[in-house]
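One-letter residues, chain by chain:
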Amino acid sequence: MSSTSIGLVLLGAPLMAFFVALVVFRKNHLAAMMTVLLSGAATCASAVFLLATKGGTPAEQASRAWIHAGGTSIEFGILLDGKTLIMGTVVSVITLCVQVYSLSYMSHDPGRGRFFAFLALFEWAMLSFVYSPSLMQTFVFWELVGLSSFFLIGFWYRKPSAIAAAKKAFIMTRIGDVGLFIGLILLFQTAHTLDIQTLNTMSVATGNFDSGRIELITLLLFVGIVGKSAQFPLHTWLPDAMEGPTPVSALLHSATMVAAGVFLFARFHPLFMQAELTLTVVLCVATFTAVLSSTMAMVASDMKRVFAYSSISQLGFMLMGLGAGSLFAGYFHLTTHAIFKALLFLCAGAFIHEYGTNDTVAIGRAGARKLRVITLGLIIGGGALAGFPLLAGFFSKELIIHSLHDKPLFLAGAYLASFMTAYYTFRVIFLVVFPNQDSAVQVEEPPADSHDDHHSSSLPLHAPILLLTVGAIAVGWFGDSIASVLGLVAYHPSLPEMAPAIGVALGGILIAWFDFGRKSAPQTGFISKLAPLHTLFKNGWYLDVIYKKLFVGAAQAVAGLLFGTENHVLDKASDMLGQGTLTIGETTGKAQSGRLPLYIGLAALCFSGAIIALGLEMMR
Amino acid sequence: MTGASALLPALLALPLIGAILVMLLPKEEPGLARGVSLGVSIATLALSLVILGLYDTKIASMQMVFDKEWIPGLGARFKLGIDGISIFMVLLTTFLMPIILLSSYKAVTSKVREFCALLLILEVGMLGAFLALDLFLFYVFWEIMLIPMYLLIGIWGGQKRIYASIKFVIYTMAGSLLMLVAIFYLYAQYGSVTGEYTLELSLLNRLVLPRDVQMYCFAAFALAFAIKVPLFPLHTWLPDAHVQAPTAGSVVLAGVLLKFGIYGFLRFAMPLFPYGAAELAPYMAYLAAAGIVYGAFVAFAQSDVKKLVAYSSVSHLGFCMIGIFAMNTQGIEGSIYAMISHGLTTSGLFLAIGVVYERRHTREMSEYGGIWKQMPVFAGLFLICMLGSVGLPGLSGFVGEFLTIFGMFISGGTAGEPSFWAEFMPHPMLLGAVATSGVIFGAIYLLYMFQKMMFGPLDNPKNKELKDVSWREIAVFTPLVIGIFAMGLFPKPFLQTMDPTVDQFVTRFEAKLAEPDGPAHIMGQAAVAPTPEPAQVEPHAGHNHAPGEAAH
Chain V
877 MSSTSIGLVL LGAPLMAFFV ALVVFRKNHL AAMMTVLLSG AATCASAVFL
927 LATKGGTPAE QASRAWIHAG GTSIEFGILL DGKTLIMGTV VSVITLCVQV
977 YSLSYMSHDP GRGRFFAFLA LFEWAMLSFV YSPSLMQTFV FWELVGLSSF
1027 FLIGFWYRKP SAIAAAKKAF IMTRIGDVGL FIGLILLFQT AHTLDIQTLN
1077 TMSVATGNFD SGRIELITLL LFVGIVGKSA QFPLHTWLPD AMEGPTPVSA
1127 LLHSATMVAA GVFLFARFHP LFMQAELTLT VVLCVATFTA VLSSTMAMVA
1177 SDMKRVFAYS SISQLGFMLM GLGAGSLFAG YFHLTTHAIF KALLFLCAGA
1227 FIHEYGTNDT VAIGRAGARK LRVITLGLII GGGALAGFPL LAGFFSKELI
1277 IHSLHDKPLF LAGAYLASFM TAYYTFRVIF LVVFPNQDSA VQVEEPPADS
1327 HDDHHSSSLP LHAPILLLTV GAIAVGWFGD SIASVLGLVA YHPSLPEMAP
1377 AIGVALGGIL IAWFDFGRKS APQTGFISKL APLHTLFKNG WYLDVIYKKL
1427 FVGAAQAVAG LLFGTENHVL DKASDMLGQG TLTIGETTGK AQSGRLPLYI
1477 GLAALCFSGA IIALGLEMMR
Chain U
39 MTGASALLPA LLALPLIGAI LVMLLPKEEP GLARGVSLGV SIATLALSLV
89 ILGLYDTKIA SMQMVFDKEW IPGLGARFKL GIDGISIFMV LLTTFLMPII
139 LLSSYKAVTS KVREFCALLL ILEVGMLGAF LALDLFLFYV FWEIMLIPMY
189 LLIGIWGGQK RIYASIKFVI YTMAGSLLML VAIFYLYAQY GSVTGEYTLE
239 LSLLNRLVLP RDVQMYCFAA FALAFAIKVP LFPLHTWLPD AHVQAPTAGS
289 VVLAGVLLKF GIYGFLRFAM PLFPYGAAEL APYMAYLAAA GIVYGAFVAF
339 AQSDVKKLVA YSSVSHLGFC MIGIFAMNTQ GIEGSIYAMI SHGLTTSGLF
389 LAIGVVYERR HTREMSEYGG IWKQMPVFAG LFLICMLGSV GLPGLSGFVG
439 EFLTIFGMFI SGGTAGEPSF WAEFMPHPML LGAVATSGVI FGAIYLLYMF
489 QKMMFGPLDN PKNKELKDVS WREIAVFTPL VIGIFAMGLF PKPFLQTMDP
539 TVDQFVTRFE AKLAEPDGPA HIMGQAAVAP TPEPAQVEPH AGHNHAPGEA
589 AH
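Residue numbers (the numbering used here), protein chains in the order written: chain V, 877 to 1496; chain U, 39 to 590.
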């Protein structure tokens, strides 16, 4: 079997599963779930097989024309190279984990057939995005990934907050998409092709592109990335997206979909490297986002929201690495983050499911540490996120920090963000592992009482968590193989180079221990001593409020104003014109025997037309 | 292809005979009238598919031409033909007509026979206008369309139907009268240049008018077509007509009638007066871009769902206008694509509104909410039409939007390949960017609509009784949904069919635009610009004795 036909299985299976689950097994949830699960397994197997056989070999591409209009040809197909193979494998492995997990997690939801169908739709769109050989295909599936995100966030469609979040996510990412869309068109106009490999080859050779043009195009592409990867100022949709079921948060809103923006950057890395200005903008935005969202994560009480803010911040880290010029650092962090963050969300989901609350303090007090496997997953995943030495996130984050070594400002930002990352991660861990029943902390969301069906010990829930836990420990050691698949050579920082970052991470953990872990810890965090800052962070820097006032309010005002103009000016004018005609018609009509106002009116118009024509003739 | 030439008149005759037949049926049996008219419309669709089968996609020019003398005194001929542009318009019409008839089985219960007959006559008018290759014949069909539409709104419409129908007629008539004047001016000019009086389009297309006159004539044509499009700010008749019209009327209006605006520009106004088109192109394009944004914002302010969709048409047709004034193959093909897509998706939206209106008799969005629970199948169908309209990739709307915007971006030429259009279209990138912003707005108001009606808690007790779509209603939506997917997933065959014609359109436009200014003349036969004896040419110029005369 050729690798392209395996690619067809890879892309075709989830799509088939989507239709079969949605149309054929609309009433039979079990059959729908099994279809999707089987297709997920098939997809995963083909992705792993492709990575094993093709990794490190030259890129392979197969495509066919989709649009052909006036010399403009746009192709769809499949591209197998290092970047797509790694990302494709990550996506399909995590999708499979989440699907298995959802067997248990969603087992009592009346809409679970639909849920699984949309997971399959997402998998199809995401993989088609990843394996895309042309920017057009990338864009098309980028949008479809956004659509499946819309459906999955709004899965509980009778919950107004879920619907609002789904709409917000769709629209905010679409604002970014417009940038990407214009960038795509300009790129096409400049280079006459959208083929990714050709574009990258062209951009490396000097003199192919005008440098101002490249800056503009890359900036526009970056606008799209900002939307999808939830960077400042378009990041506010991601925390709200946590309204969706937790498996969705794990799969889409931390591990894979939001990483699509970072992947796009990596995809066009050679092109971005030609744009000095854009790289500076990227570094500024990414560093600022990493710090900004970490501050919010430090005070969030909802466990899922902590991890959501953390995703935003880690995406910022990836972009910092890529923006600093290190493709490997960014890509490696993308891979490790996908694993440990999916793990953290699956653990959070298990806790939430068990205790019926999202509040970390409440979960801890309810005795969450009794769920051993899940608590272990939380500790390992959290350690990896915090950059605890020798866990997955440690290696990749070291590389990112190393790549920033000659940019002191951004380096400082990175240290600050990693410090806060270690702090907020271990805050969650300590609150769960060492609950202090006597502390004065208010529980914002008390546990639900009605939640009595315990299935968190079942195998489908545990197997993915265990697998990802192993991944979060092990993947960090595979840096060399990932680098070789990408066709790069991994850099190994020496111990002295790593020391500051290790110190920062351990410092964060230590302060978290002081605030939350030790016996008689206040469990309130040092930020709460600075009340204004605490309020600021807690309210997400008031950005949502500002946006709402500024943009939503303005849009509604403009809409109202224009509608007023429509009714009172434009429409009125045409009515008056019509009324005038009719009046003339009626007055003149009275002179005749019958009343034919319309006819007369038209005759009057005809007459004026004739006069104009006469005027024309005379002007000649 | 002598046998094939009878197909086009047959395509017109079929619904006409059907209409007469329906009127002859007994009045007491509305079911019979419905059945017969549906059968006739399906037969017409089948015939149009035969025409598609015989259509040669490699030929750019008119095919299956039917040419008969009609009014010899006037020089008007009964000439029909089909090319890569009109074939899609014809198919759109014949495709939508059975859907419309089927959709009004329950909605229209009074004067059923007349209703069905009028729709069939409307079909004759629309098909005739798309096929006509003679200006006078076109004008006749153009006016024929008005009458049934006027009656459809006026008889079966809502509460303000009389106001809406008169507004619709006056607007359209006012626009088209100036066009009639321009037609006769053109007729007179051609006659005085060649000595032969004709209204046949292919002959008139060869006449090059002086540049300033071209501007006036183009303006006269443009007014008629811009009202039809409708181009901002001439759109105010549209929301009223849409809201007051019965569902069938809204679907015809949005699905087919609006397309005459764009079609008219492509078939008549631009080829006849290329210089006028070029000079006025920036204004048209700016108005179109303004309309995209304006329509979107005003749609967002609506509480009446039908009005919201009506304003969305103003926004969507703006893309079509942007596309044709990009004056390159990509833009124009995108425009045609967007027209067909709009015909499918907006028809779907109006039909969906019709479905809930028949059940609840209100168009206020706040009256609905949480309907998904009650009507899951309907929700899915509605969703597909909505997303198609939003321009989601994979559905029909995207291809058209992409190509029109892309066309506008490259209308000044691409890197290393400047375009002849660059000097006429200032700031194409700005226009493209404004149009692109319409893509966001489109998502906002349509999602807002869908969310208000379908999602959320089902708290209005009146909605708890709602029944999901019947098999008849599913049958109404199915072809539309298939079309939306087919056009979104496989654009290539569609684009291939229009490719030669559109290429030829652009080439001819460019060639005619390059004709030197001066007195009216036949293409390629202009008085040589640096005339040795200008004194001899000058006095004749006023009487339009161009050298073309000698040819006849």
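To be clear, the hints were calculated from the coordinates, so they are not data collected in a lab.
These numbers come from a predicted model, not from an experiment.
There may be inaccurate statements among the hints.
[To be verified] Derived DSS-like pairs: lysine-lysine, alpha-carbon spacing no greater than 25 Å straight-line:
#1 U/LYS490 x V/LYS1035
#2 V/LYS1424 x V/LYS1035
#3 U/LYS490 x U/LYS500
#4 U/LYS490 x V/LYS1424
[As the list claims (entries may be wrong)] Derived coverage of chain V by chain U (criterion: at least 3 residues anywhere in the stretch with Cβ under 8 Å from a Cβ of chain U; other residues may be distant):
#5 923-930
#6 983-989
#7 1031-1043
#8 1057-1065
#9 1119-1132
[Unchecked claim] Here are a few chain U residues that sit away from chain V, every Cβ distance over 12 Å (derived from the structure):
#10 PRO47
#11 LEU90
#12 GLU238
#13 HIS273
#14 LEU318
#15 ALA339
#16 ILE443
#17 GLY450
#18 PHE462
#19 HIS465
#20 ALA471
#21 LEU496
#22 ALA552
Heads up, the beta-carbon is just placed ideally off N, CA and C, and yes, glycines get one too.
Now the hints, each set against the structure:
{"no.": "1", "hint": "U/LYS490 x V/LYS1035", "in the structure": "holds (13 Å)"}
{"no.": "2", "hint": "V/LYS1424 x V/LYS1035", "in the structure": "holds (21 Å)"}
{"no.": "3", "hint": "U/LYS490 x U/LYS500", "in the structure": "holds (16 Å)"}
{"no.": "4", "hint": "U/LYS490 x V/LYS1424", "in the structure": "holds (19 Å)"}
{"no.": "5", "hint": "923-930", "in the structure": "violated (count 0)"}
{"no.": "6", "hint": "983-989", "in the structure": "violated (count 0)"}
{"no.": "7", "hint": "1031-1043", "in the structure": "holds (count 5)"}
{"no.": "8", "hint": "1057-1065", "in the structure": "holds (count 6)"}
{"no.": "9", "hint": "1119-1132", "in the structure": "violated (count 0)"}
{"no.": "10", "hint": "PRO47", "in the structure": "holds (30 Å)"}
{"no.": "11", "hint": "LEU90", "in the structure": "holds (19 Å)"}
{"no.": "12", "hint": "GLU238", "in the structure": "holds (21 Å)"}
{"no.": "13", "hint": "HIS273", "in the structure": "violated (8 Å)"}
{"no.": "14", "hint": "LEU318", "in the structure": "holds (16 Å)"}
{"no.": "15", "hint": "ALA339", "in the structure": "violated (4 Å)"}
{"no.": "16", "hint": "ILE443", "in the structure": "violated (7 Å)"}
{"no.": "17", "hint": "GLY450", "in the structure": "violated (9 Å)"}
{"no.": "18", "hint": "PHE462", "in the structure": "holds (18 Å)"}
{"no.": "19", "hint": "HIS465", "in the structure": "holds (14 Å)"}
{"no.": "20", "hint": "ALA471", "in the structure": "violated (6 Å)"}
{"no.": "21", "hint": "LEU496", "in the structure": "violated (7 Å)"}
{"no.": "22", "hint": "ALA552", "in the structure": "holds (20 Å)"}
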